[in-house]
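These protein sequence lines map, in sequence, to chains L and P. Sequential numbering of the first sequence, starting at 4, is according to our numbering. Sequential numbering of the second sequence, starting at 95, is according to our numbering.
Worth flagging that the hints you see were computed from the coordinates, not collected in a lab. Source: prediction; values computed, not measured. Hints are not guaranteed to be accurate.
Per label pair, the in silico range of CB-to-CB distance [claimed, not checked]:
1. L:Ser62 to P:Gly156: 39 to 47 Å
2. L:Ser75 to P:Gln151: 18 to 26 Å
3. L:His13 to P:Leu142: 37 to 45 Å
4. L:Ser68 to P:Ile154: 43 to 51 Å
Capping the alpha-carbon separation at 30 Å, the derived lysine-lysine pairs in BS3-like fashion look like this [said to hold, decoys possible]:
5. L:Lys25 to L:Lys41
6. L:Lys100 to P:Lys196
7. P:Lys110 to L:Lys100
8. P:Lys132 to L:Lys43
All residues carry an ideal CB built from backbone N, CA and C; glycine is no exception.
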Amino acid sequence: DTEVTQTPKHLVMGMTNKKSLKCEQHMGHRAMYWYKQKAKKPPELMFVYSYEKLSINESVPSRFSPECPNSSLLNLHLHALQPEDSALYLCASSQPKGSGRRGLDTQYFGPGTRLTVL
Amino acid sequence: AQKVTQAQTEISVVEKEDVTLDCVYETRDTTYYLFWYKQPPSGELVFLIRRNSFDEQNEISGRYSWNFQKSTSSFNFTITASQVVDSAVYFCALSWHQGAQKLVFGQGTRLTINP
């Protein structure tokens, strides 16, 4: 089973709202990722968690705050967003690189959350 | 620098035609990994294939085939007898041994299969 789930599927929020995106995987993966994808563009990496610790932050503005409560869950807390933050937010999971067998660090993606900031 | 180029922005063919999506990559690492993902209109990125730099065998999976050529730094993807359900954006991506968990994507090729 290579399923990564994300909730909600769609989110509309005002610039003063606080909301959270959720991601869950039950593949036993110990690396989880947040990507942002604008229309007609490839996904852009935002954050990487490896063994529940933040390992990569791609200079993302502080209005995006990631959290990894346990090895299966990844949250993205949103506060004071701008209209240009409207995008598809994708979560992915894999085994961490160097975890042993070849190919296990292939990233598997969820269906995404379409975020609109008004 | 690590880079993936998908020169074809959009391709449109009639159902049952064969179509090849091109992917050219750049990396200085000798150990690297190449991927193809499919993104249908629903938005989910679906993993299709992974190829390691030390494994140059080409692969066929049903109507899909992949041609990995290290000499030309290319990893092309062919769909044989295309179907309407193949319509999607296809991304080629690269990760490398020293690159932590980073995955670099090409710009994507939008494939439309017309009935």
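Hints, verified against the model:
A hinted range of 39 to 47 Å holds for the C-beta pair serine 62 of chain L and glycine 156 of chain P, which are about 41 Å apart. The beta-carbon spacing between serine 75 of chain L and glutamine 151 of chain P, approximately 35 Å, falls outside the hinted interval of 18 to 26 Å. Between histidine 13 of chain L and leucine 142 of chain P the CB atoms are about 26 Å apart, so this pair departs from the stated range of 37 to 45 Å. Checked against the hint of 43 to 51 Å, the pair serine 68 of chain L and isoleucine 154 of chain P passes, with Cβ atoms roughly 45 Å apart.
Straight-line distance between C-alpha atoms of lysine 25 of chain L and lysine 41 of chain L comes to about 19 Å, which keeps the hinted pair within the 30 Å bound. Of the pairs offered as hints, the one joining lysine 100 of chain L and lysine 196 of chain P holds, with about 10 Å between alpha carbons and a cut-off of 30 Å not exceeded. A threshold of 30 Å between alpha carbons decides the hint, and for lysine 110 of chain P with lysine 100 of chain L the separation of about 39 Å lies outside it, so the pair is violated. Restraint check: the Cα-Cα separation between lysine 132 of chain P and lysine 43 of chain L comes to about 14 Å, which is no more than 30 Å; the hinted pair holds.
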